[in-house]
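Number of protein chains: 2
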Amino acid sequence: MMVVEPSLAQDLEQILDISREVGVFSDEEVDTVDELFQGYLSDAVKSGYNFLSCREDGKILGFACWGPTALTMGTIDLYWICTDKNAQGRGVAARLFKAVEDYARQAGRWLIVIWTSSKLEYEAARRFYLKMGCKLTTQIADFYDHGDDLCVFIRRLDADDSVNG
Amino acid sequence: MMVVEPSLAQDLEQILDISREVGVFSDEEVDTVDELFQGYLSDAVKSGYNFLSCREDGKILGFACWGPTALTMGTIDLYWICTDKNAQGRGVAARLFKAVEDYARQAGRWLIVIWTSSKLEYEAARRFYLKMGCKLTTQIADFYDHGDDLCVFIRRLDADDSVNG
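The listed protein sequences correspond, in order, to chains X and R. Counting from 12, one number per residue, gives the positions in the first sequence under my numbering. Counting from 12, one number per residue, gives the positions in the second sequence under my numbering.
Honestly, the hints are just simulated from the structure, not real lab data. Heads up, some of the hints might be wrong.
Treat identical chains as interchangeable: a pair holds within one or across any two.
In silico DSSO-like links for lysine-lysine, alpha-carbon gap of 30 Å or less [claimed, not checked]:
#	residue 1	residue 2
1	K57	K130
2	K130	K146
3	K142	K109
4	K70	K146
5	K57	K142
If you're wondering where the values come from, they're calculated on a predicted model, not measured in any experiment.
Throw the hints in and build the complete structure from the sequences for me.
Rendered as structure tokens:
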């Protein structure tokens, strides 16, 4: 049975494997996942990072990383949602996204913000966020690099929920 | 004569006084200015924070804090521009803004991004950014708190410069 729950220390190796194999993370970004996971394990509140694992029979099918946005009362940043390449198409990312929504609501937050790139390899991610009811609020040209824009998606948790029922 | 140049260690007390007296910084934010200034003094490149002082006859009339945006090639964040309340109306902020543009260009960057609040006390700041040729690219409702939106201004340095020529 597929469940989503806060990540355990023992999930780290599988989470890093998933990050490496999904093909969009640079080595530097995989190191960042590792670093943020250590912060989460030592003190999730103080570090500001939370990890969720989607688990089935002891195997990790995907993970999400999110945290409250500094200096805000209502906003969380969704840093990554990532699915094992052998578990694509089974709704893992959607389960993780719903779980992030639930945890954000429990934390008294009402807005999810996602900063992502306009590059082709993130097209599936951008389509996914739209499917989850997010809105592209702005696209800032050449933010990351020439031809690599910043796309900012938002998902309000206190408005009409019908889009992703 | 009014000059803008990289801040010196001895500027800190006046910078903190300006921050306290301008009336929009909370105690927590004044502490943050202090913290970032320490980072700047110990290693501007490593800390990612740069301070500029507008100086006249040894007195600091205003300061700006900016830094390259992490994980980007072309973007800088402009964190604060702040003018001593006794030096308002003399073009201090405009000089600081132009200097930030120049330093950003020198650093090979082409985009300035400014994150600010929709609250009434920031209205003068928002008008100032528009006057400097910035564009409001998005306003995210209730980002900071209920009724306190995020306003994101951008200023491209590689496009037509006629607006604030």
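Query raised in the report: Is it within, between, both, or neither for K142 and K109, if the alpha carbons may be no more than 30 Å apart?
Result: within (12 Å within a copy, 42 Å between copies)
Query raised in the report: Taking 30 Å as the upper bound on the Cα-Cα distance, should K130 and K146 be classified as within, between, both, or neither?
Result: Classified as both: same-chain Cα gap 18 Å, cross-chain 23 Å, threshold 30 Å.
**Report entry** K70 and K146: within-copy, between-copy, both or neither at 30 Å Cα
**Finding:** Answer is neither: 32 Å inside a copy and 48 Å across each miss the 30 Å cutoff.
Query raised in the report: Taking 30 Å as the upper bound on the Cα-Cα distance, should K57 and K142 be classified as within, between, both, or neither?
Result: Close neither inside one copy (32 Å) nor across copies (39 Å); limit 30 Å.
Query raised in the report: Checking K57 and K130: alpha-carbon separation at most 30 Å within a copy, between copies, both or neither?
Result: Intra 32 Å, inter 28 Å, cutoff 30 Å: inter-copy only.
Against the hints set out earlier in the document, violations occur for numbers 4 and 5.
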